[in-house]
Amino acid sequence: MTTEFDPNFWKRTSDLWVVVGFDGTIRQLNPAWQEVLGYCTEQLLGRAYSELVHPDDRPAITRLAGPGQQLSRTRCIETRCRHSDGSYRWLQWSSVPYPEEAVVCAVARDVTLEKAHHRALDDMLRVLSEAQNDYIEGVPTRQLFDNMLTHLLRLTGSEYGFIGEVLHDEDGPPYLKTHAMTNIAWNDETRAFYEEHAPNGLEFRNLSTLFGSVIRTGRRVIANEPASDPRRGGTPPGHPPLNAFMGLPFYKGGEMIGNVGIANREGGYDVELAEHLKPFLATCANLISAHRAERRRQASEERYRAVVETALDALLTTSSDGTIEGVNAAAERMFAMPASELIGRDLPQLLRVRSANQQGYLPVPGRSLVTGRRADHTFAAEAAVSEMQLGDTPAYTVLVRDLTAEQRANRLRSELLSTVNHELRTPLASIRGSLGLLSAKAVGDLPARADKLVAVAVRNADRLGRLVDDILDLEALQEGRLDVAEGPLDLVELAREALESSQGLATSAQVSQRLRSAVDVLPIRGDGDRLIQVILNLLSNAVKVSTAGSEVEVTVDLQGSAAVLTVADRGPGVPESFVGRLFEPFSQADASDARKLSGTGLGLSIAQSIAHRHGGQLQYTPRAGGGAQFALRLPAAAGTSQSQGVA
Amino acid sequence: MNRPPRVLFVDDEPDLREVVELSLATVGGFDVQVAASGAQALKMAAEQRPDVILLDVMMPGMDGPSTLARLQAEPELASVPVIFLTAKLQGGEQERLVGLGARGVIAKPFDPLLLPEQVRELIQFAA
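So the protein sequences, as listed, match chains A and B.
Each residue of the first sequence is one higher than the last, beginning at 218 in the numbering used here.
Each residue of the second sequence is one higher than the last, beginning at 74 in the numbering used here.
Honestly, I wouldn't trust all of these hints.
Stated by the list, open to error - Below 25 Å or equal to it, Euclidean Cα-Cα: the simulated SDA-like pairs (lysine to any residue) are:
1. K161/B - R408/A
2. K658/A - P78/B
3. K161/B - K658/A
4. K394/A - R408/A
Quick caveat, the hints were computed from the structure, so don't treat them as lab data.
Values in this document were obtained by computation on a predicted structure and should not be read as measured data.
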């Protein structure tokens with residue numbers, strides 16, 4: 218049977234052919250045995266084939282052929298067989314029994330290299346699986362990379378190495394920061410340096426080195442003769458010998474984010490090993506990328522936490538039923554309770570709506586004034602609530618601002634103004650009263666020169682009185698505290714009354730006043746006294762800037778839905794550069810104006826505030842032909858239309 | 074009224090007492106008495122029976138409104154008209170003072186030549 222093989226195939230094939238008797242002895246074999254296992258045919262013929270097999274694998278091989286075996290067709294049995302040099306090769310067997318001749322015909326293939334390759338792959342997969350597991354279990358980054366480096370050294374048979382991240386200073390060159398590095402310290406100094414810096418990563422910035430070449434070029438570096446390699450940077454005295462080096466970059470999203478360096482593999486490094494490490498490098502890239510994301514998340518969280526913790530306002534988060542779930546440091550101070558005591562409490566125990574007759578305060582999105590409760594007292598506060606969605610559950614953030622200081626400041630300000638008011642007016646009353654009596658000669662005649670001086674004093678006491686009035690008016694207007702009555706008025710009538718009041722001033726300045734109204738009646742709503750104050754202010758300004766013999770013109774008209782009163786003069790007008798500040802308090806175009814025109818610098822500002830309180834405004838336009846024109850625009854009373862108004 | 078009207082002016086400011094006394098007596102021809110405090114005013118009012126009391130609002134100790142309340146509590150003095158003199162006339166102050174029972178309110182600073190006339194008008198209005 219065996220002799221029926223094609224002799225050429227029998228001789229030339231690289232597979233090992235053998236014919237074994239049922240007694241286990243080798244009867245026939247081909248020349249491939251010499252090629253693969255180093256034996257010549259004569260050495261093996263007649264020997265028990267099991268002698269060639271590794272003792273551990275013999276049980277498997279007895280199925281192939283052996284005394285007393287129920288033999289059947291077998292395939293793909295793998296055994297280690299001893300080479301003539303004493304080493305073992307992996308062979309993969311298939312066999313067919315020929316009972317009629319009491320022999321087994323078997324063929325084997327050398328799979329030693331494949332086995333080694335599979336083993337290396339299995340090893341790599343185990344390493345990667347372990348790294349994945351470490352990451353999922355939250356093993357600290359440093360420990361995780363230490364484990365990776367240990368595996369890398371074992372997988373590659375290297376003596377020492379590192380795994381590092383490539384970082385950049387702002388606009389600076391890249392550098393390497395290690396996440397794991399073999400301790401190769403060679404003296405006390407380097408040992409101390411390693412122990413101090415390794416936990417946070419060592420930084421390497423000299424790129425004129427073998428690993429630097431990886432960073433500079435972004436390509437792998439294999440240097441099996443580093444001493445003569447032009448890319449080397451040299452090692453410091455005492456550094457362990459560097460016999461071979463391989464540096465491999467790894468990328469994420471096209472960016473080189475790190476590299477590994479390994480040294481002193483016996484026999485040096487090669488491209489095949491570099492290729493084999495690709496999955497390892499990809500895993501390093503993923504881990505560093507995840508580490509970077511985590512660093513960013515931590516930094517963002519730290520920033521957020523710092524903002525929350527250093528906030529002056531208390532911040533509480535609650536569930537939808539008002540149970541407090543989180544607080545910041547300001548909340549602990551505000552409610553004089555540690556976070557551990559605040560969390561779990563009901564918000565209504567701490568806050569109460571001030572205006573409503575409610576038992577407590579449940580979070581309702583928006584702002585409201587509340588009363589806060591501390592162990593020993595209550596305090597005024599403002600609560601701002603916003604709703605957020607945590608998964609399917611609504612939750613609330615409640616921002617609480619203590620208003621105690623603000624209220625105290627307001628009270629002090631109010632008290633101060635009241636005091637200033639009283640303390641200024643009382644002596645003013647005495648001064649003005651005394652001067653009035655003197656000038657009226659109530660206590661007898663004064664010398665002529667004294668009369669003049671008394672007149673000066675009267676004018677200035679009056680001016681001081683107006684200033685006090687204006688300051689208080691302005692303050693009240695700006696605070697929204699000035700009472701403005703609301704009633705039906707006629708703007709034409711208001712203009713007449715104001716003109717009448719300013720007639721005395723106009724006469725003494727030899728200025729004429731004229732009213733031109735396009736309508737007989739112009740209904741508006743508001744406070745008559747305050748609006749006359751506005752018109753009078755415009756009139757007195759106009760008269761003061763007019764030269765003797767000129768005219769101040771007042772017009773009243775309905776323009777659309779606005780009732781408009783204008784006061785125009787032929788004075789110098791307002792310098793263009795000053796128009797923008799015309800209605801600001803204490804603003805006068807010329808510093809000497811206040812004295813020249815005996816104004817306080819507050820009149821227009823007050824007039825504008827009063828106009829605003831009426832839903833209107835005061836506007837300035839230069840008058841055609843020279844002079845100033847001020848327009849007071851107010852909403853016309855409902856139902857007043859242009860056609861109805863025009864006379 | 075044949076005799077000049079008798080007015081009691083109450084203010085803690087000595088200068089102002091002098092000015093008002095001069096204004097009311099010299100310009101207005103009133104018979105003027107002055108008191109430096111609410112307590113003194115109550116005592117003098119009981120003794121002098123003035124035709125009108127001119128009362129400062131802000132005074133240390135018993136202020137104007139408290140003095141008015143005490144005057145109103147005395148049956149013999151309850152009908153004496155009281156006019157307040159005040160430096161504060163904002164925020165509905167005038168209405169508040171009139172609401173307490175004052176005949177009128179005169180603002181500080183005032184014109185000493187017009188003050189007697191203002192007082193006279195308020196008394197006549199009351200009468």
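Quick rundown of the hints versus the structure:
1. K161/B - R408/A: violated, 84 Å
2. K658/A - P78/B: Within the cut-off at roughly 23 Å; holds.
3. K161/B - K658/A: violated, 30 Å
4. K394/A - R408/A: holds, 18 Å
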